[in-house]
Amino acid sequence: MLACGRARRLLWPDTGPREATAEIVAAREHVSRCPACQRFLDDMRRLSERIREAMPRPEAPVEVRDRLFKVIARARTDGARGTGPRHRLWAAGLAAVLLVGGAWLGLSITPERGTPSRDPLGAIAEDHLRTQRHTGLASSDSLETARWLADRLPFAVEIPIFPEAQLKGARLVFVNRQSGAVVDYVIAGRSLSYYLLPAIEGETGTTAREIRLASRAGYRVAAWEDAGFTHALVAGLPGQKLVELAHYCIKQMTAAVAAWATPPRLPAPALLDPRIVLGPENPGTRRDFHL
Amino acid sequence: MLTGHLDALFRTALRLCRGHEADAEDLLQDAVLRALDGYAQLREPSAARSWLFTILSRTHLNRLRAQRRRAEMVSADLDDPSFEAALADWAPSPSPADDVEIGQLGEQLTRALDGLPPELRSVVLLVDVEGFTQREAAGMVGVPEGTVASRLFRARRQLRATLQAPARDARLGRHQ
Ligand SMILES: [Zn+2]
Chain A
1 MLACGRARRL LWPDTGPREA TAEIVAAREH VSRCPACQRF LDDMRRLSER IREAMPRPEA
61 PVEVRDRLFK VIARARTDGA RGTGPRHRLW AAGLAAVLLV GGAWLGLSIT PERGTPSRDP
121 LGAIAEDHLR TQRHTGLASS DSLETARWLA DRLPFAVEIP IFPEAQLKGA RLVFVNRQSG
181 AVVDYVIAGR SLSYYLLPAI EGETGTTARE IRLASRAGYR VAAWEDAGFT HALVAGLPGQ
241 KLVELAHYCI KQMTAAVAAW ATPPRLPAPA LLDPRIVLGP ENPGTRRDFH L
Chain B
292 MLTGHLDALF RTALRLCRGH EADAEDLLQD AVLRALDGYA QLREPSAARS WLFTILSRTH
352 LNRLRAQRRR AEMVSADLDD PSFEAALADW APSPSPADDV EIGQLGEQLT RALDGLPPEL
412 RSVVLLVDVE GFTQREAAGM VGVPEGTVAS RLFRARRQLR ATLQAPARDA RLGRHQ
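As given, the protein sequences belong to chains A and B, one line each in that order. Counting in our numbering, the first sequence tops out at residue 291, every number present. Counting in our numbering, the second sequence tops out at residue 467, every number present.
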């Protein structure tokens, strides 16, 4: 008969299915008849559970996060560690991985996004989100803004930085049963908003990063698709200026911006926010820029 | 899901550095910059979590090695016969009813964990606290699986005292 020590050595820790060698079979046979070994395995399980339960799980303090993301931002912006654009891309992706978890360069493990019609909890969450549409964060700090959005959205948002615009904060938008980000700025005394939403089916008539310019309700909208997302800039600014700002955005962002899987297929678009209407229903006012 | 990996990395770094927040932050930043350098090697998104913990563990190990002689670390591990003998010597724990209330335990456990040698501590953090398998933890700290097993066993044996001793004290107290 196998000794207790050997049997325990063979069967613990339990690493899941293993090849049933003669020795493993003998060890299992031993344990099935040995109360001391059963007790040992039981104790190990219980100790592990208690350690896991009892261990405090502090969150990273805000200042620690701040400093860490500044380190990442520094690597991204000034290439202080002898790096080029590739490094900046990775920095954005890494920030997304750290904040969102599991997401990487436009891919993601398990998007938690159920089918709305079959998901009452989703409907409740949607309703809650709808009530939050007009509340948001007032901040001029892009890291704080990115974190605020990351806590509330299932994808990471890269906060665009425009040379002449001041960041004012961020809020959530709810479109087509999906939540998106809105980042607000002031530029030359006028408000400018950057929208990031999972790509809208039916609005993908353009190739990636092709900027479309449209006028709606007195505002101009410059929109483009990238990495499964619809990006839009909305402002009461001349079209050419908006396109220029869109180019700034695209330059800063890469596929890493919106680390997210291909979004699910959606029904025809029904944008809830009246300020972005991207549909072709009013072609008379639509001017397309293919750049 | 939204919490991401940052909090888990931070608290692991904090315990690896025995509660010294400035050291933990330094370790975390160092690990993140290394992650940045190696980001292109990450091919599998689902591996991001274990990849980040691997970098954190290795960064911590490198620092430890720089701080002390290598021989001290190697001598800490049990060979196979000693490990089997230690397993066979396990004295069964008292019944679960004698366990300390979980609510009171956090601080004591933290102190006990900080008192463990770093090699044992990191294995408990990775396997028991963060839920990685023995195999994953072996890859992270760069030792064979059997070594992870023996470290885990020794760590739990030492921590058991913390998880149960106060209950015994309390019981003795009642009888006095
Ligand atoms: Zn036995």
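Rather than coming from a laboratory, the hints here were simulated on the basis of the structure. Possibly wrong hints are sitting among the right ones.
Chain B is faced by these chain A residues, among others (derived, beta-carbon under 7 Å) [unchecked claim]: (1) C4; (2) I51; (3) A54.
Simulated restraints on C-beta separations [unchecked claim]: (4) A:T15 to B:D298: 40 to 48 Å; (5) A:E53 to B:D405: 47 to 55 Å; (6) A:D66 to B:P385: 27 to 35 Å; (7) A:E210 to B:G394: 54 to 62 Å.
These numbers come from a predicted model, not from an experiment. Don't be surprised by glycine CBs; every beta carbon is placed ideally from N, CA and C.
Cβ-Cβ distance between E53 of chain A and D405 of chain B: within 47 to 55 Å? 18 Å Cβ-Cβ, so the 47 to 55 Å window is violated.
Satisfaction of the C4 of chain A interface hint, Cβ to chain B closer than 7 Å: Holds - the Cβ of C4 of chain A comes within 7 Å of chain B, reaching about 5 Å at its closest.
Using the Cβ atoms, figure out if D66 of chain A sits within 27 to 35 Å of P385 of chain B. 46 Å, violated
Interface hint for A54 of chain A, Cβ within 7 Å of any Cβ on chain B: Holds: closest Cβ of chain B sits about 4 Å from A54 of chain A, inside 7 Å.
In this structure, is the beta-carbon distance linking T15 of chain A and D298 of chain B contained in 40 to 48 Å? Taking Cβ atoms as reference, T15 of chain A and D298 of chain B lie about 27 Å apart, which means the hint is violated.
Does the nearest C-beta of chain B fall within a distance shorter than 7 Å of the C-beta of I51 of chain A? 4 Å, holds
Do E210 of chain A and G394 of chain B keep their Cβ atoms within the hinted range of 54 to 62 Å? 58 Å, holds
Against the hints set out earlier in the document, violations occur for numbers 4, 5 and 6.
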